[in-house]
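**Student:** Residue numbers (this note's numbering), protein chains in the order written: chain A, -13 to 76; chain B, -4 to 172.
For the record, the hints were derived by calculation from the structure and aren't laboratory data.
It cannot be assumed that every hint is accurate.
What the hints assert, rightly or not - Dumping the calculated DSS-like pairs for lysine-lysine here, alpha-carbon to alpha-carbon at most 25 Å:
1) A:Lys3 with B:Lys138
2) B:Lys138 with B:Lys169
3) B:Lys74 with A:Lys76
4) A:Lys76 with B:Lys106
5) B:Lys169 with B:Lys102
6) B:Lys106 with A:Lys11
7) A:Lys54 with B:Lys169
8) A:Lys3 with B:Lys169
9) B:Lys138 with A:Lys76
10) A:Lys3 with A:Lys17
11) B:Lys138 with B:Lys102
12) A:Lys54 with B:Lys138
13) B:Lys106 with B:Lys138
14) B:Lys74 with B:Lys138
To be verified - Just some of the chain B residues that point at chain A, by a computed CB distance under 7 Å:
15) Ser9
16) Gln28
17) Ala107
18) Leu111
19) Val147
20) Gly149
21) Glu156
Where a beta carbon is used, it is the ideal one built from N, C-alpha and C, also for glycine.
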Amino acid sequence: MSTTTTQISAYISEDTKGQIESYVKRRGVTKAFIIESALQHFLQVLREIPEDVIIPARLVITESSMLKLAERLESDEEPTPALRALMASK
Amino acid sequence: MPDSLLVQVRRLESHDDRSSFCSGDIELDRFFQRFAGQNQFRHYVGTSYIADCSGQIAGFATVSSGEITAEILAGIVRKRLPDYPLPILRLARLAVDQRFQGQGIGKLLLKAMLELALQLRDQTGCIGVLVDAKPTAVDFYTKLGFQALESVSGELGNRPEPLPMFLPIQTIAKALV
């Protein structure tokens, strides 16, 4: 890794920013260290594994889809007969 | 599944020979033969489970823990959900070797992954299972209760493009009762 540094600017989600700040507090490292380490890990994986075989860690869905998901999580949804049969199978 | 077929679902080990696995799907076979090991043992970005049939790999399923979030959340939704991304188990790939197709291996692997999600719920938190369903598998997953999600980003880069589908963890748990 080069010792010469430069600055980048990027828009990231509030969630990710919160996670970075929480990690910094807990571990006593700098944000720059986390960002550079994360980027290096990501780029190394991309060099060794094609992008299409990587499983993205986060799925971002539309607000309407999230609303439906929230409704499902709150409902007492019955399993379908096919799911019951699957889970009962040996 | 025929009674005579003894199958154990277990984690892929580095010594397992993946070279002769052939499901008939070029992308899935390429992934399993060339990249499932690197993903799991070197980069820790996904774990594969195999159906071991007397030392032969009858099928595999690759999962990863992940999260679902929404790009923009209205106040009404925000109040109903925790204020952080929702943890899930993502079933990204599942394939059965041609020699074992039609014998219930795929269902056995799927059941094992749903049980794994229940373990995750208890150990680290998991609100449900996300599958990246190939177009030909959408009906199968729909019958099991999975419903499509409308994604903005984070889709699997496979072709044909898979459809993200979700099943809540409490529904899986109820199916065991």
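**Student:** Indicate, hint by hint, whether the structure satisfies it.
**Tutor:** Results of checking the hints against the structure:
1. A:Lys3 with B:Lys138: This hinted pair is violated, its Cα atoms lying about 39 Å apart.
2. B:Lys138 with B:Lys169: holds, 16 Å
3. B:Lys74 with A:Lys76: Roughly 41 Å between the alpha carbons, so the hint for lysine 74 of chain B and lysine 76 of chain A is violated.
4. A:Lys76 with B:Lys106: holds, 9 Å
5. B:Lys169 with B:Lys102: OK: lysine 169 of chain B and lysine 102 of chain B at ~18 Å, within 25 Å.
6. B:Lys106 with A:Lys11: violated, 40 Å
7. A:Lys54 with B:Lys169: holds, 20 Å
8. A:Lys3 with B:Lys169: violated, 37 Å
9. B:Lys138 with A:Lys76: Holds: lysine 138 of chain B and lysine 76 of chain A sit about 19 Å apart, inside 25 Å.
10. A:Lys3 with A:Lys17: holds, 10 Å
11. B:Lys138 with B:Lys102: holds, 13 Å
12. A:Lys54 with B:Lys138: holds, 18 Å
13. B:Lys106 with B:Lys138: With a Cα-Cα distance of about 14 Å, the restraint between lysine 106 of chain B and lysine 138 of chain B holds, given a limit of 25 Å.
14. B:Lys74 with B:Lys138: Distance of about 31 Å is beyond 25 Å: violated.
15. Ser9: This hint is violated: serine 9 of chain B lies away from chain A, its Cβ roughly 16 Å from the closest one there, beyond 7 Å.
16. Gln28: violated, 11 Å
17. Ala107: Not OK, violated: alanine 107 of chain B not within 7 Å of chain A, min 11 Å.
18. Leu111: violated, 13 Å
19. Val147: With Cβ-Cβ at 4 Å, under 7 Å, it holds.
20. Gly149: The hint holds - glycine 149 of chain B has a Cβ within 7 Å of chain A, the shortest such distance being about 4 Å.
21. Glu156: With a minimum Cβ separation of about 11 Å from chain A (threshold 7 Å), the hint on glutamate 156 of chain B is violated.
In summary, the structure is inconsistent with hints 1, 3, 6, 8, 14, 15, 16, 17, 18 and 21 from the numbered list given earlier, while agreeing with the others.
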